[in-house]
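Peer 1: One letter stands for each residue in the lines below.
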Amino acid sequence: MCAQCNTCRLFLSIRSMNESNIPKVEMRRISKSFPGVIANDCIDLRLHKGEVLALLGENGAGKSTLMNILCGLYRPDQGEIYIDGQQVEIHSPRDAQKYGIGMVHQSFKLVDSMNVLENIILGLRNEPFVPDMKRVRKQLMELASQYHLGVDPDACIWQLSVGEQQRVEILKLLYRNAEVLILDEPTAVLTPQEAHELNRVINTMKQEGKSAVFITHKMEEVIEFSDHVMVLQKGRVVAETSTSETSPKELARMMVGREILFQIERKPYSPGKAILELSHIEALRDRGLPALKDISFSLKAGEIFGIAGVDGNGQRELAEVVTGLRKSIKGTLKIADKDMTNKSPLEIIREGVAHIPQDRASVGAVGDLSVASNLAMKQYRSRPLAQGIILLPKRIVEFARRLIDKFRIATPSPNTQVKFLSGGNVQKTILAREIGAARSLIVAVYPSRGLDVGATESVRRQLINMRDDGLGILLFSEDLDELMQVSDRIAVIFEGRIMDILDAGKIDIEHIGMLMAGMKTEVD
Amino acid sequence: MRLVFEKRKATSISALILVPLISFAVSLCLTALLLTIFGADPIKTYSAMAIGAFGSLHGFAETLVKAIPLMMTGLGVAIAFQLKFWNIGAEGQLTLGGVAAAGVTLFLEQYLPGPLLLVGALLGGLLAGALWAGIPALLKTSLNVDETLVTLMMNYIAILFSEYLYYGPWRDPKGYGFPGSRMFASNAWLPRIVGRAHIGILIALFVALILWFILKRTRWGFELQIIGASQHAARYQGIAVERNIVLAIALSGALCGLAGAFEVTGISHRLQQGLSIGYGYTAIIVAWMSQLNPLAIPFVALALAALSVGGDQVQMVMGLPAAMGTVMQGLILFPMLAGSLFTEYRLLAVIDKKGSLPG
Amino acid sequence: MDFVTSILTITIRAGTSLTIATIGEILTERTGILNLGVEGIMLMGALTAFATVFYSHSIMLGILAAMAIGGILALLHAFLTTTMRANQVVSGLSITLFGTGFSSFLDKGLGPESNNFRLVGLRAERILPFAPKWANDIPILSAFLNQDMMTYLVYLLIPLAWFFLYKTRPGLWLRSVGEDPYTADAMGIDVTKTRYLYTIIGGMLIALGGAHLSLSYTPGWSENITGGRGWIVIALVIFSMWNPARAVWGSLLFGGINAVQFRLQASGTSIPANFLNMLPYIGTILVLVAITWWEALSKKVGAPAALGSSYMREEK
Numbered sequence: 032m033c034a035q036c037n038t039c040r041l042f043l044s045i046r047s048m049n050e051s052n053i054p055k056v057e058m059r060r061i062s063k064s065f066p067g068v069i070a071n072d073c074i075d076l077r078l079h080k081g082e083v084l085a086l087l088g089e090n091g092a093g094k095s096t097l098m099n100i101l102c103g104l105y106r107p108d109q110g111e112i113y114i115d116g117q118q119v120e121i122h123s124p125r126d127a128q129k130y131g132i133g134m135v136h137q138s139f140k141l142v143d144s145m146n147v148l149e150n151i152i153l154g155l156r157n158e159p160f161v162p163d164m165k166r167v168r169k170q171l172m173e174l175a176s177q178y179h180l181g182v183d184p185d186a187c188i189w190q191l192s193v194g195e196q197q198r199v200e201i202l203k204l205l206y207r208n209a210e211v212l213i214l215d216e217p218t219a220v221l222t223p224q225e226a227h228e229l230n231r232v233i234n235t236m237k238q239e240g241k242s243a244v245f246i247t248h249k250m251e252e253v254i255e256f257s258d259h260v261m262v263l264q265k266g267r268v269v270a271e272t273s274t275s276e277t278s279p280k281e282l283a284r285m286m287v288g289r290e291i292l293f294q295i296e297r298k299p300y301s302p303g304k305a306i307l308e309l310s311h312i313e314a315l316r317d318r319g320l321p322a323l324k325d326i327s328f329s330l331k332a333g334e335i336f337g338i339a340g341v342d343g344n345g346q347r348e349l350a351e352v353v354t355g356l357r358k359s360i361k362g363t364l365k366i367a368d369k370d371m372t373n374k375s376p377l378e379i380i381r382e383g384v385a386h387i388p389q390d391r392a393s394v395g396a397v398g399d400l401s402v403a404s405n406l407a408m409k410q411y412r413s414r415p416l417a418q419g420i421i422l423l424p425k426r427i428v429e430f431a432r433r434l435i436d437k438f439r440i441a442t443p444s445p446n447t448q449v450k451f452l453s454g455g456n457v458q459k460t461i462l463a464r465e466i467g468a469a470r471s472l473i474v475a476v477y478p479s480r481g482l483d484v485g486a487t488e489s490v491r492r493q494l495i496n497m498r499d500d501g502l503g504i505l506l507f508s509e510d511l512d513e514l515m516q517v518s519d520r521i522a523v524i525f526e527g528r529i530m531d532i533l534d535a536g537k538i539d540i541e542h543i544g545m546l547m548a549g550m551k552t553e554v555d
Numbered sequence: 459m460r461l462v463f464e465k466r467k468a469t470s471i472s473a474l475i476l477v478p479l480i481s482f483a484v485s486l487c488l489t490a491l492l493l494t495i496f497g498a499d500p501i502k503t504y505s506a507m508a509i510g511a512f513g514s515l516h517g518f519a520e521t522l523v524k525a526i527p528l529m530m531t532g533l534g535v536a537i538a539f540q541l542k543f544w545n546i547g548a549e550g551q552l553t554l555g556g557v558a559a560a561g562v563t564l565f566l567e568q569y570l571p572g573p574l575l576l577v578g579a580l581l582g583g584l585l586a587g588a589l590w591a592g593i594p595a596l597l598k599t600s601l602n603v604d605e606t607l608v609t610l611m612m613n614y615i616a617i618l619f620s621e622y623l624y625y626g627p628w629r630d631p632k633g634y635g636f637p638g639s640r641m642f643a644s645n646a647w648l649p650r651i652v653g654r655a656h657i658g659i660l661i662a663l664f665v666a667l668i669l670w671f672i673l674k675r676t677r678w679g680f681e682l683q684i685i686g687a688s689q690h691a692a693r694y695q696g697i698a699v700e701r702n703i704v705l706a707i708a709l710s711g712a713l714c715g716l717a718g719a720f721e722v723t724g725i726s727h728r729l730q731q732g733l734s735i736g737y738g739y740t741a742i743i744v745a746w747m748s749q750l751n752p753l754a755i756p757f758v759a760l761a762l763a764a765l766s767v768g769g770d771q772v773q774m775v776m777g778l779p780a781a782m783g784t785v786m787q788g789l790i791l792f793p794m795l796a797g798s799l800f801t802e803y804r805l806l807a808v809i810d811k812k813g814s815l816p817g
Numbered sequence: 013m014d015f016v017t018s019i020l021t022i023t024i025r026a027g028t029s030l031t032i033a034t035i036g037e038i039l040t041e042r043t044g045i046l047n048l049g050v051e052g053i054m055l056m057g058a059l060t061a062f063a064t065v066f067y068s069h070s071i072m073l074g075i076l077a078a079m080a081i082g083g084i085l086a087l088l089h090a091f092l093t094t095t096m097r098a099n100q101v102v103s104g105l106s107i108t109l110f111g112t113g114f115s116s117f118l119d120k121g122l123g124p125e126s127n128n129f130r131l132v133g134l135r136a137e138r139i140l141p142f143a144p145k146w147a148n149d150i151p152i153l154s155a156f157l158n159q160d161m162m163t164y165l166v167y168l169l170i171p172l173a174w175f176f177l178y179k180t181r182p183g184l185w186l187r188s189v190g191e192d193p194y195t196a197d198a199m200g201i202d203v204t205k206t207r208y209l210y211t212i213i214g215g216m217l218i219a220l221g222g223a224h225l226s227l228s229y230t231p232g233w234s235e236n237i238t239g240g241r242g243w244i245v246i247a248l249v250i251f252s253m254w255n256p257a258r259a260v261w262g263s264l265l266f267g268g269i270n271a272v273q274f275r276l277q278a279s280g281t282s283i284p285a286n287f288l289n290m291l292p293y294i295g296t297i298l299v300l301v302a303i304t305w306w307e308a309l310s311k312k313v314g315a316p317a318a319l320g321s322s323y324m325r326e327e328k
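As they're listed, the protein sequences go chains A, B and C.
Whatever position you read off the first sequence (first residue = 1), add 31 for my numbering.
Whatever position you read off the second sequence (first residue = 1), add 458 for my numbering.
Whatever position you read off the third sequence (first residue = 1), add 12 for my numbering.
There could be a bad hint or two in this list.
Unchecked claim - The calculated DSS-like cross-link candidates involving lysine-lysine, where the alpha carbons are at most 25 angstroms apart (straight line), are: (1) A:Lys-425 to A:Lys-409; (2) A:Lys-425 to B:Lys-674; (3) A:Lys-374 to A:Lys-324; (4) C:Lys-205 to A:Lys-129.
Keep in mind the hints are simulated off the structure, nothing from the lab.
Model, not experiment: these values are computed from the prediction.
Start from the sequences, fold in the hints, and give me the full structure.
Peer 2: Below, the structure is given as structure tokens:
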């Protein structure tokens, strides 16, 4: 029970007595925690009929967790849910469906090889043994035209663009008589044109008396789509207001608002020559859409260059281009003045580049192999770990023990399989291996994601040590605190572009917040 | 309350040892049950099997005869499985290995005097097997075609081809209509040690050691282990994944091909029917039961061979069907398959928490 | 004409057991479960049917017994692969190993004393072909109508299976489980139950295919009665691209080649026969390559995307 709640409860009960309008959805005092982190801390949410609510916040603010609870994927530790004034129990997506709640997730729940009609009725128990596809088609097309969700019912999902697939997801919910639609980062995968169309769809839904909640980190969306906005920060509601009564600047401040922390102790900033130079780099996502659209910057030796931005704006692709795991279709990449554009990962590794990847569990470390093996994975090709083609197991274990000590990796033995280590220790293993082998540049992608305080501290300390030793560090992080504590310069990435590069000493939090949300500098 | 499988937090050594042991015990009981139903005394049967397989020099030799191809193909299959490449084509690779060995022997007799003929035959077997496995490997790495079904299909093509040869162009004109090639020249006979067991056993044991060494002590073996565990991780460390897969699978096929070469040069001394009695498929079971460890494979192969030979003996001594051995092999597997889950997971009872609490 | 008709007749007879078993395996694989135990299940089905008919003199009982055995063996496979998450390839091969051994084992014990307790060489009631008299002289058509009850069953089974898979709600759910079990689960479909159900049904049909061999085609029992047909069925499933309607072409092809081979062997040459026999397998590989390549571009045709992988929902 949070101390604030008794106060909330009092206010709420007073308010609800005065309110003649029963909210469509009400979530009261919802709390949910996972091991090591409080995702939702006593959150109240109200959504009225015909209203669109935006949930705004950085990564990890708790928005997705809250909505997953509403649509039945998670169970709250505490709190109640009310639909049309009645308390309900939502234990599964089917329950949620019963109450008219549906969610469109970031990864769509569609079977690629089946067509739209089949996906629409998939899982519906009230369809007859032999579904009357003509009737389904008719119903679907009616809904489609009613809500401006044009789609070809016979097309297979793999043939559709992401925007069209999203439309199918929305139609699925409407076909199941959803009254409340939850959309998770809906415009993340849409073109601006498609985003406009989505707006039209949402407006039509409002007119039909349906409600919507959408999760976002983009200011534009909030302003354009919503009636109300609720800002979450670290699991708590920090602000709640109607959209017309606020401005992007204010929202940005609410979203990232915090005290400015002092930087971690380090040597004075005296950058050397350029270690990494990107010039007009363009690259595509896996699906063929553009991910990087003209990236240029220069990273110097002895500097930590931070990249701020909400995940999904091109960070993964940028890290992959720099480390050789992804081809760039335009532009050049230089490492220590050597042209390394589109060279193989091995060649880039040979230039002394280390990479702490985003996918800790499947790319950075190999769970089935031992800690020692994982630590050896970068330097096994030469002495002292190998002699010619033969590996020297004793040396490998020695090498491993040294790193385990130095980086304080908690493991029963060097031969324990990595899959048994905690997340923090897996990351320490990866760090130990990479930092141990780095000679020029370290690319660190969300290095302290999911780690506890102690592990996070040590990660940041290590990176600063390397920087003091004269290496260049390219640090991707969603945590502004971390970026400000650790970086010398910070660049903000949004939708594949560098919005601006700022000196860490002169950071204006609001300014960063707005850049992260896609708003260019406004003239005050 | 419901039962739930939860991933273990540490490798349970006890599970790794207990599971195979318990499975073996369970299968012994199941078979005993079966025997009793059919009116045979289980203890007598088991001892007859053991004596049959190991009790006499002749029996032991026969056990070795069956164990050798199981070892070689088991080792081959194990490499492939290490890379998560499901090579079901050991049978076909073995067959073509035998065909190639026969081909060299029958047609290059003039050019390869003395022991060279035998060496050439064995090399031929290696190459043929490597090639036959290389094709599905390339299909997988370049076009992402599923290897399970392709290798399976290629077994039939190989077997049919082999049949065609010894029924047709390679048929012994003096064979009295018996389908099979003529007998090989004696310098192409793999020397025997005891009974029909030949020096292939030494080669097989040697290969097991080498394979273990490669996997555990060389850079290449290390790379293969990484590729098998996570192709992403391998790529990220700069390892050439596709090239290594093809090489390793070719090696896998080569070993199976060598097994086939052993069979024709060591046992039958001609190309004829019955080259393989399903060794390629049993090899998969050998590899799996050994948990892909090259050092364990010879033992498991020996055990399964013993079951087979023991079964034959039991037929003669006790009038029970020879298929006993095969049945037992199957019965061991089921508890082991079921038990394999427990090495990774624990069974737990979970009490549901209610969604919301008052206050 | 007569030659063609007679070839066709044999082909259809030969293809019957293949087709039934193929449809069974298609249903199983469509849920994402690869069952390599077909050969073992067919053998057990053949043996069980024959032994049951021999003693009970009832064909119906024999068929039911075979299907029961098939269901039980398939249940074992489903249990091992779905609940115990064991390796599907090894599990299927184990069933083949067991089925091959056990059928041989039973053969030597289930027979009557007069025949040395063996089943080989015995004669029992057969499923006889019957043909309407009026069809006897019509070429081609008489081939289709000069068949036994099971073949007529197959004529029905193919369109029924096709209709079930593509036009009914349970069929839709079945396909979704094999294509994308995570989405199926998210949409409220019980993945585990579906896999169990259709693996068992598949096993029953496979055993039924085996029964046709011992009760009609051969008839009788011998140790190698299937002659590797179980493996052919696995090829046929790919060849028909997991579509019951296409299963018939594959069976005709394999069955036809078998039939033609008989004729050729009778005339003294077996040389081209082996290469003819290879064609279906080569064809299957080509189909597989084509599908995979197509899939990279399209995803419309292809193996069920989740074939061979196990599935476990994350606990929250």
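Peer 1: Against this structure, judge whether each hint is valid.
Peer 2: Evaluation of the provided hints:
| no. | hint | result |
| --- | --- | --- |
| 1 | A:Lys-425 to A:Lys-409 | 17 angstroms, holds |
| 2 | A:Lys-425 to B:Lys-674 | 13 angstroms, holds |
| 3 | A:Lys-374 to A:Lys-324 | 20 angstroms, holds |
| 4 | C:Lys-205 to A:Lys-129 | 23 angstroms, holds |
Of the numbered hints listed earlier, not one is contradicted by the structure.
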